[in-house]
Each structure stands twice: as C-alpha cells, then as structure tokens.
Amino acid sequence: MTWSEIRLRRILTSSGGSWGVDPADGDVKMQCVRAADFDYRRLQTDVSRAPVRGYTATDVRNRAARPGDMIIEKSGGGELAPVGRVVLHRQGAVVMPTNFAGRLRPLRGNDPRFLCYLLSSLYAEGRTSAAIKQTTGIQNLDLGALLDERVRVPDLGTQATIASHLDAETARIDDLIAKKQRLQTALRERYESVVRLELSYRDGIKLKYLLAAPLAYGVLVPSHDPVGVPMLRITDLRTGTVDLNSVNRIPKSLSAEFRRTILREGDIVVSVVGTLGRCVEVIPQLVGANLNRALARVQLKQDVPRALIRIWFQSDDFQMQARLATSGDSAQPTLGLGDMKNFNVGIPRDSSRWAEITDRTLRRLAPIEATESKLQEQERLLVEHRQALITAAVRGELKIPGVVS
Numbered sequence: 001m002t003w004s005e006i007r008l009r010r011i012l013t014s015s016g017g018s019w020g021v022d023p024a025d026g027d028v029k030m031q032c033v034r035a036a037d038f039d040y041r042r043l044q045t046d047v048s049r050a051p052v053r054g055y056t057a058t059d060v061r062n063r064a065a066r067p068g069d070m071i072i073e074k075s076g077g078g079e080l081a082p083v084g085r086v087v088l089h090r091q092g093a094v095v096m097p098t099n100f101a102g103r104l105r106p107l108r109g110n111d112p113r114f115l116c117y118l119l120s121s122l123y124a125e126g127r128t129s130a131a132i133k134q135t136t137g138i139q140n141l142d143l144g145a146l147l148d149e150r151v152r153v154p155d156l157g158t159q160a161t162i163a164s165h166l167d168a169e170t171a172r173i174d175d176l177i178a179k180k181q182r183l184q185t186a187l188r189e190r191y192e193s194v195v196r197l198e199l200s201y202r203d204g205i206k207l208k209y210l211l212a213a214p215l216a217y218g219v220l221v222p223s224h225d226p227v228g229v230p231m232l233r234i235t236d237l238r239t240g241t242v243d244l245n246s247v248n249r250i251p252k253s254l255s256a257e258f259r260r261t262i263l264r265e266g267d268i269v270v271s272v273v274g275t276l277g278r279c280v281e282v283i284p285q286l287v288g289a290n291l292n293r294a295l296a297r298v299q300l301k302q303d304v305p306r307a308l309i310r311i312w313f314q315s316d317d318f319q320m321q322a323r324l325a326t327s328g329d330s331a332q333p334t335l336g337l338g339d340m341k342n343f344n345v346g347i348p349r350d351s352s353r354w355a356e357i358t359d360r361t362l363r364r365l366a367p368i369e370a371t372e373s374k375l376q377e378q379e380r381l382l383v384e385h386r387q388a389l390i391t392a393a394v395r396g397e398l399k400i401p402g403v404v405s
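Per the UniProt record's numbering, the very first residue in the sequence shown carries number 1; after that it's consecutive.
FYI, nobody ran anything at the bench for these hints, they're computed from the structure. Since the structure is predicted, the reported quantities are computational estimates derived from the model, not experimental observations. Fair warning: there could be bad hints in the mix.
Pairwise CB distance ranges (calculated) [what the hints assert, rightly or not]:
no., residue 1, residue 2, range
1, Glu-189, Arg-127, 20 to 28 Å
2, Arg-353, Val-287, 28 to 36 Å
3, Gln-285, Lys-208, 41 to 49 Å
4, Tyr-209, Thr-58, 56 to 64 Å
5, Gly-288, Asp-22, 40 to 48 Å
6, Val-287, Thr-13, 24 to 32 Å
7, Asp-350, Ala-24, 31 to 39 Å
8, Leu-107, Val-287, 52 to 60 Å
9, Asn-344, Val-287, 27 to 35 Å
10, Asp-22, Ile-205, 40 to 48 Å
11, Ala-392, Arg-66, 29 to 37 Å
12, Arg-364, Arg-150, 22 to 30 Å
Below, in silico cross-link-like pairs of lysine-lysine (BS3-like), each with a Cα-Cα straight-line distance of 25 Å or less [stated by the list, open to error]:
no., residue 1, residue 2
13, Lys-341, Lys-206
14, Lys-133, Lys-208
15, Lys-341, Lys-301
16, Lys-206, Lys-301
17, Lys-374, Lys-180
18, Lys-179, Lys-374
19, Lys-374, Lys-208
In this text, a Cβ means the ideal position worked out from N, Cα and C, and glycines have one as well.
Taking the hints into account, I'd like the entire structure generated from these sequences.
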C-alpha cells in the first residue's frame with residue numbers, strides 16, 4: 001500500500017449552494033443547510049433546525065448535497081473561526097447548502113469520512129487560510145484555490161480503515177467531552193442559584209450609573225508582533241482568569257493609536273459578540289493590553305464592587321437582558337453598548353451593603369468556579385487531543401492495525 005501526493009481536485013468536485021426562494025414558489029422543497037446547522041466538533045450536519053426552502057429542479061441537480069457529500073463554509077467566519085470549516089452530510093435526505101456554503105463531492109474510489117477528516121486537519125493546520133479572500137470584513141473562500149492544495153492520500157481500503165478507527169476514537173472522546181459538559185451544566189446551576197439569591201434586588205441600579213467612563217468596544221487589528229502589546233480575544237478568557245499562553249500581540253505603535261481600548265487595573269473585560277458575558281477583571285499582568293472587536297472595556301467607579309459586577313456579567317440575568325437586546329443571527333449575536341449601559345444590575349442601591357454581599361457571594365462561589373475552571377481545561381485538552389489524533393491519522397503517522405504509512 002502506498003500513499004499518493006495529489007491535488008484535492010483529483011479526489012473532489014465542488015459546486016456552490018443556494019438560499020433558494022420561499023417554499024411556495026419553488027418546484028422542489030428541501031432543507032437548506034447553513035453554518036448554524038454545522039456540528040463542527042463532530043464534523044457532520046445537524047439539520048434538526050435547518051429551514052425548508054424552495055428550489056428549481058436544475059438547482060437540485062447541480063447544487064444539492066446527498067449523503068456522503070461534504071458541505072464547506074465559503075463566506076463568513078471571523079477572527080476566532082476563519083471560514084473554510086467542513087462537515088459531512090452522513091445520512092438523511094438530500095439537502096441544499098446555503099449560498100454562503102458549497103458542496104464537495106468525493107470522486108469514486110475515495111471514502112467521504114476520510115476526506116472530511118483530511119479537510120478538518122487542513123483547516124486545523126491553517127492550510128485553508130491561503131484560499132481566503134477578505135473584503136469589507138467578510139471572509140470568502142476560493143474553492144478553486146483550495147482544491148489546488150496538495151495532499152497525501154492512501155487507497156480506498158486504507159482510507160476506510162483510518163476513517164473507521166477515527167469514528168470509534170472520536171466518539172469515545174466526544175463521550176468524555178459530553179460528560180465534562182454535563183458536570184459544568186450542573187455546576188452552572190449551582191452557581192446561578194447563589195447568584196439569584198445574592199444579586200436579585202428589584203430596586204437594582206442601571207449599569208450606566210456605576211460607570212466611571214463610557215463603555216468602549218475593542219478594535220479589529222489584523223497585525224501581529226510576537227514581542228508587541230497583548231491584544232485579548234474571547235478565546236483568551238477563561239472562568240475568572242485569562243490564558244496568556246497564546247494571546248495575540250500587536251505592535252506598540254499600533255496599540256497607541258487605540259488608546260480607548262487600552263486596559264487599566266480594575267477594568268472589566270466582557271465579550272459582546274458571539275459568546276456574550278464571558279468576562280474577567282483586569283489584573284496587573286493585563287494593564288496596557290488592548291481588546292479586539294468582540295470585547296468591551298467596562299470602567300467602574302472606584303467604590304463599585306468589581307467582583308460582583310463580574311459575577312453579574314456571567315449570570316442568567318445578564319444573559320436574559322442580552323438576548324432581548326442583541327442584533328444579528330443566533331450564530332453571531334452582537335450586543336450594542338448603548339443597550340448594555342441600560343441593563344439593570346441586581347445590587348442594592350444602598351452602597352453600605354455592597355461589601356457584605358461581595359464577601360458572602362465570593363465565599364460561596366469560589367469552590368464552584370475553581371471546579372468549573374478545571375473542567376473547562378480538561379475539555380479543552382480533550383478537544384485538542386481529538387484534533388491531534390485526526391491529524392496524525394490522516395497523515396499516516398498513527399499506528400492503526402492494517403495501515404502502513
């Protein structure tokens with residue numbers, strides 16, 4: 001058995017998708033798969049909430065995806081998740097990729113599961129980024145350029161053996177991840193019960209009355225400087241802390257141009273795009289850092305208990321108010337700062353009670369947050385292990401019975 005180095009276009013064909021028309025106006029009705037219908041971790045479609053749209057018979061013949069085809073995100077993405085992720089339509093009815101996606105169909109003699117794992121590996125390694133063109137903040141994937149990528153692939157039998165091994169191993173890892181997530185859900189319920197008890201004052205205070213300066217968004221800065229000023233992203237924020245190991249950095253000269261996003265000790269950083277309410281209090285190591293566009297800087301008055309405000313940002317109460325105020329689709333909600341400053345914070349108006357409430361709340365939440373942080377780290381390591389396993393297998397670097405690299 002040998003592995004052959006070939007271009008992707010030798011094993012895949014591509015076509016664009018379509019949003020179609022109102023179902024009543026189409027010749028054929030079928031579900032339309034959007035990015036929101038991608039189960040990225042399991043690398044498969046999830047059409048449980050995919051909308052039904054109308055299409056012409058020609059569109060269905062030329063663009064629809066049948067089981068065994070892959071669907072690739074062509075437009076959208078962002079700093080945290082560049083466009084180009086691929087999922088496999090494993091089973092079920094024929095579906096239509098949306099106009100922001102495309103269909104990839106394996107040619108005969110190739111295992112669709114193996115090719116999906118292969119493309120996932122290319123994405124994780126950043127090799128799909130070379131095919132991305134960005135205009136006005138929107139990333140667009142050039143499928144032709146992507147299909148020019150050279151890859152190593154084995155014969156069909158070996159592809160199937162590797163894919164079956166990965167199906168079994170990733171399912172085992174996914175089960176472990178699901179258990180970690182269930183534990184986190186149970187912890188979050190305990191966390192919220194404490195928060196509801198301590199921060200549910202009906203005569204609370206609007207956030208704007210607690211601020212020392214206007215709320216400020218971060219900025220979009222694509223530049224990178226390995227020895228420059230840290231620029232925090234959502235992915236750098238953990239439960240109550242920041243992961244500084246992989247933080248992005250920008251040149252000092254560029255940082256100085258965006259003074260309103262430079263952090264001071266005591267500020268609070270909160271996510272306002274995509275994942276809402278993830279936040280940390282700025283510690284000395286973060287002073288002078290900048291924020292990217294998905295985060296906002298919150299500067300509080302001197303006497304306001306920062307710990308309580310941080311806890312409130314991560315509460316169900318904040319999430320409920322945020323859901324009512326967000327704009328954009330469910331995959332990328334964006335919270336306007338003009339709305340957020342008018343959110344009600346459930347602390348008493350009597351500031352003399354703040355210290356007592358802060359001390360009691362922190363004592364009750366500390367063990368919960370510590371355990372939650374450990375579970376999140378364990379989940380992160382499992383996700384990394386899953387992807388490393390996939391990459392090693394599709395490269396022929398993993399020892400699998402019956403497979404020769």
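Hints, one by one, checked against the model:
{"no.": "1", "hint": "Glu-189 to Arg-127: 20 to 28 Å", "in the structure": "41 Å, violated"}
{"no.": "2", "hint": "Arg-353 to Val-287: 28 to 36 Å", "in the structure": "30 Å, holds"}
{"no.": "3", "hint": "Gln-285 to Lys-208: 41 to 49 Å", "in the structure": "29 Å, violated"}
{"no.": "4", "hint": "Tyr-209 to Thr-58: 56 to 64 Å", "in the structure": "60 Å, holds"}
{"no.": "5", "hint": "Gly-288 to Asp-22: 40 to 48 Å", "in the structure": "53 Å, violated"}
{"no.": "6", "hint": "Val-287 to Thr-13: 24 to 32 Å", "in the structure": "53 Å, violated"}
{"no.": "7", "hint": "Asp-350 to Ala-24: 31 to 39 Å", "in the structure": "59 Å, violated"}
{"no.": "8", "hint": "Leu-107 to Val-287: 52 to 60 Å", "in the structure": "56 Å, holds"}
{"no.": "9", "hint": "Asn-344 to Val-287: 27 to 35 Å", "in the structure": "30 Å, holds"}
{"no.": "10", "hint": "Asp-22 to Ile-205: 40 to 48 Å", "in the structure": "47 Å, holds"}
{"no.": "11", "hint": "Ala-392 to Arg-66: 29 to 37 Å", "in the structure": "30 Å, holds"}
{"no.": "12", "hint": "Arg-364 to Arg-150: 22 to 30 Å", "in the structure": "57 Å, violated"}
{"no.": "13", "hint": "Lys-341 to Lys-206", "in the structure": "7 Å, holds"}
{"no.": "14", "hint": "Lys-133 to Lys-208", "in the structure": "40 Å, violated"}
{"no.": "15", "hint": "Lys-341 to Lys-301", "in the structure": "14 Å, holds"}
{"no.": "16", "hint": "Lys-206 to Lys-301", "in the structure": "13 Å, holds"}
{"no.": "17", "hint": "Lys-374 to Lys-180", "in the structure": "10 Å, holds"}
{"no.": "18", "hint": "Lys-179 to Lys-374", "in the structure": "14 Å, holds"}
{"no.": "19", "hint": "Lys-374 to Lys-208", "in the structure": "34 Å, violated"}
Of the numbered hints stated above, those contradicted by the structure are hints 1, 3, 5, 6, 7, 12, 14, 19, listed in ascending order.
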